[in-house]
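Undergrad: All chains, full assembly: derive it from the sequences and hints.
Respectively, the protein sequence lines represent chains A and B.
So for the first sequence, our numbering puts the first residue at 1; every next one is plus one.
So for the second sequence, our numbering puts the first residue at 1; every next one is plus one.
Don't read these hints as lab results, they were simulated from the structure.
Keep in mind that this is a model prediction, so the values were computed, not measured.
Mixed in with the good hints there might be a few duds.
[Stated by the list, open to error] Calculated lysine-lysine pairs in the DSS-like style (CA-CA distance at most 30 Å, straight line):
#1 B:Lys83 <-> A:Lys56
#2 B:Lys57 <-> B:Lys83
#3 A:Lys67 <-> B:Lys78
#4 B:Lys78 <-> B:Lys42
#5 A:Lys42 <-> B:Lys57
#6 A:Lys67 <-> A:Lys101
#7 A:Lys56 <-> B:Lys78
#8 A:Lys56 <-> B:Lys42
#9 B:Lys57 <-> B:Lys78
#10 A:Lys56 <-> A:Lys101
#11 A:Lys101 <-> B:Lys57
#12 B:Lys42 <-> A:Lys42
#13 B:Lys83 <-> A:Lys67
#14 A:Lys56 <-> A:Lys67
#15 B:Lys57 <-> A:Lys67
#16 A:Lys101 <-> B:Lys83
#17 A:Lys42 <-> A:Lys56
#18 B:Lys42 <-> B:Lys83
#19 B:Lys78 <-> A:Lys101
#20 B:Lys57 <-> B:Lys42
#21 A:Lys101 <-> A:Lys42
What follows is each chain in one-letter form.
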Amino acid sequence: QKEVEQNSGPLSVPEGAIASLNCTYSDRVSQSFFWYRQYSGKSPELIMSIYSNGDKEDGRFTAQLNKASQYVSLLIRDSQPSDSATYLCAVPGNYKLTFGKGTLLTVNP
Amino acid sequence: EPEVTQTPSHQVTQMGQEVILRCVPISNHLYFYWYRQILGQKVEFLVSFYNNEISEKSEIFDDQFSVERPDGSNFTLKIRSTKLEDSAMYFCASSGLAGYNTGELFFGEGSRLTVL
Numbered sequence: 001q002k003e004v005e006q007n008s009g010p011l012s013v014p015e016g017a018i019a020s021l022n023c024t025y026s027d028r029v030s031q032s033f034f035w036y037r038q039y040s041g042k043s044p045e046l047i048m049s050i051y052s053n054g055d056k057e058d059g060r061f062t063a064q065l066n067k068a069s070q071y072v073s074l075l076i077r078d079s080q081p082s083d084s085a086t087y088l089c090a091v092p093g094n095y096k097l098t099f100g101k102g103t104l105l106t107v108n109p
Numbered sequence: 001e002p003e004v005t006q007t008p009s010h011q012v013t014q015m016g017q018e019v020i021l022r023c024v025p026i027s028n029h030l031y032f033y034w035y036r037q038i039l040g041q042k043v044e045f046l047v048s049f050y051n052n053e054i055s056e057k058s059e060i061f062d063d064q065f066s067v068e069r070p071d072g073s074n075f076t077l078k079i080r081s082t083k084l085e086d087s088a089m090y091f092c093a094s095s096g097l098a099g100y101n102t103g104e105l106f107f108g109e110g111s112r113l114t115v116l
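TA: If you want it as C-alpha cells, here you go:
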C-alpha cells in the first residue's frame with residue numbers, strides 16, 4: 001500500500017516569502033510524484049510533477065525529489081495571497097493516485 | 001477548455017436512501033475515477049474504471065457502492081443505502097491512457113452529499 005505523509009502545517013508565510021512544503025512516501029519503488037493544489041471548497045488540480053532526483057522548476061514553483069530519503073518537496077518563491085490553498089502530494093499506484101492529507105498554506109498580504 | 005462536469009452539486013438525503021451521483025468526463029478520456037473527501041480530511045480513492053469495468057477499488061468501495069457508464073458520456077456512482085458516514089464531497093475525475101501514472105487527473109467540481 002503506497003502511503004504519502006504530509007505532517008507539516010498549517011503553514012503561514014508573508015507575501016513575497018518562500019513557502020516550503022514537504023512530503024515523505026513509503027514505497028521505495030515509486031518513480032513519480034505529483035503536487036496538486038486545492039483551493040478551499042474546490043477540486044484538486046495538478047501543478048507539478050517530478051520523476052527524477054533533483055529539482056524541477058516551473059515559474060515560481062520548484063519541486064525537489066530525493067529518492068534515497070523518500071522525500072519530495074515543493075518550494076513556492078515570491079508567495080502571493082493567491083497561492084493560499086491546500087497542497088496535496090500524490091503518488092501513482094495501481095490505476096489510481098494516492099493523495100496525502102495536504103498542507104494548508106496561507107500567504108498573508 | 002474541456003472539463004469534467006458533475007451533478008448534482010449538492011444533494012441532501014435521508015439515511016438508507018439510494019443516491020446516484022453523475023459525472024460527464026472529458027470526451028476523449030479513457031479512465032474514470034471517483035474520489036471522496038470528508039470535510040477536513042484527505043482526498044480518498046474509491047474506484048477507477050476503464051473499458052467498462054472496474055480497474056481498482058478501495059476498501060471503502062464496498063457492496064453499497066457501484067459505478068456504471070450507462071452511455072457514451074455519463075459515469076455514475078450509486079450508493080444503495082446511504083449512511084451518515086457517507087456524507088462527503090465526491091469528486092469525479094478522468095484521464096487519458098495511464099493518466100494515473102503521469103498524474104494528469106482532471107477533477108470535476110464535486111458533488112456534496114449530506115446524509116441526515
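Undergrad: Please work out if Lys56 of chain A and Lys67 of chain A have their alpha carbons no farther apart than 30 Å.
TA: holds (14 Å)
Undergrad: Going straight from one Cα to the other, do Lys57 of chain B and Lys83 of chain B come out at no more than 30 Å?
TA: Judged against 30 Å, a Cα distance of about 19 Å means the pair holds.
Undergrad: Keeping to a limit of 30 Å between CA atoms, is the pair of Lys83 of chain B and Lys56 of chain A held or broken?
TA: Not satisfied, since the Cα-Cα distance of roughly 44 Å exceeds 30 Å.
Undergrad: So if I understand the rule, the pair passes when the alpha-carbon distance is 30 Å or less; does Lys56 of chain A with Lys42 of chain B pass?
TA: Holds: Lys56 of chain A and Lys42 of chain B sit about 26 Å apart, inside 30 Å.
Undergrad: Taking only the CA atoms, is the gap from Lys101 of chain A to Lys42 of chain A under or equal to 30 Å?
TA: holds (15 Å)
Undergrad: Keeping to a limit of 30 Å between CA atoms, is the pair of Lys78 of chain B and Lys42 of chain B held or broken?
TA: This hinted pair holds, its Cα atoms lying about 21 Å apart.
Undergrad: Would the pair Lys56 of chain A and Lys78 of chain B pass a check requiring their Cα atoms to be no farther apart than 30 Å?
TA: violated (40 Å)
Undergrad: Between Lys57 of chain B and Lys78 of chain B, does the CA-CA distance stay at or below 30 Å?
TA: Holds, at roughly 14 Å.
Undergrad: Under the criterion that the straight-line Cα-Cα distance not exceed 30 Å, is the pair Lys67 of chain A, Lys101 of chain A satisfied?
TA: holds (20 Å)
Undergrad: Next pair to validate is Lys57 of chain B with Lys67 of chain A; report whether the Cα-Cα distance is within 30 Å.
TA: Status holds; Cα separation ~28 Å.
Undergrad: Would the hint linking Lys56 of chain A and Lys101 of chain A be met if the CA-CA limit is 30 Å?
TA: Holds, because 23 Å separates the two Cα atoms, which is no more than 30 Å.
Undergrad: Hinted pair, alpha-carbon criterion (30 Å max): Lys42 of chain B, Lys83 of chain B. Please report holds or violated.
TA: holds (19 Å)
Checked against the numbered hints above, the structure violates hints 1, 3, 7 and 13; every other hint is satisfied.
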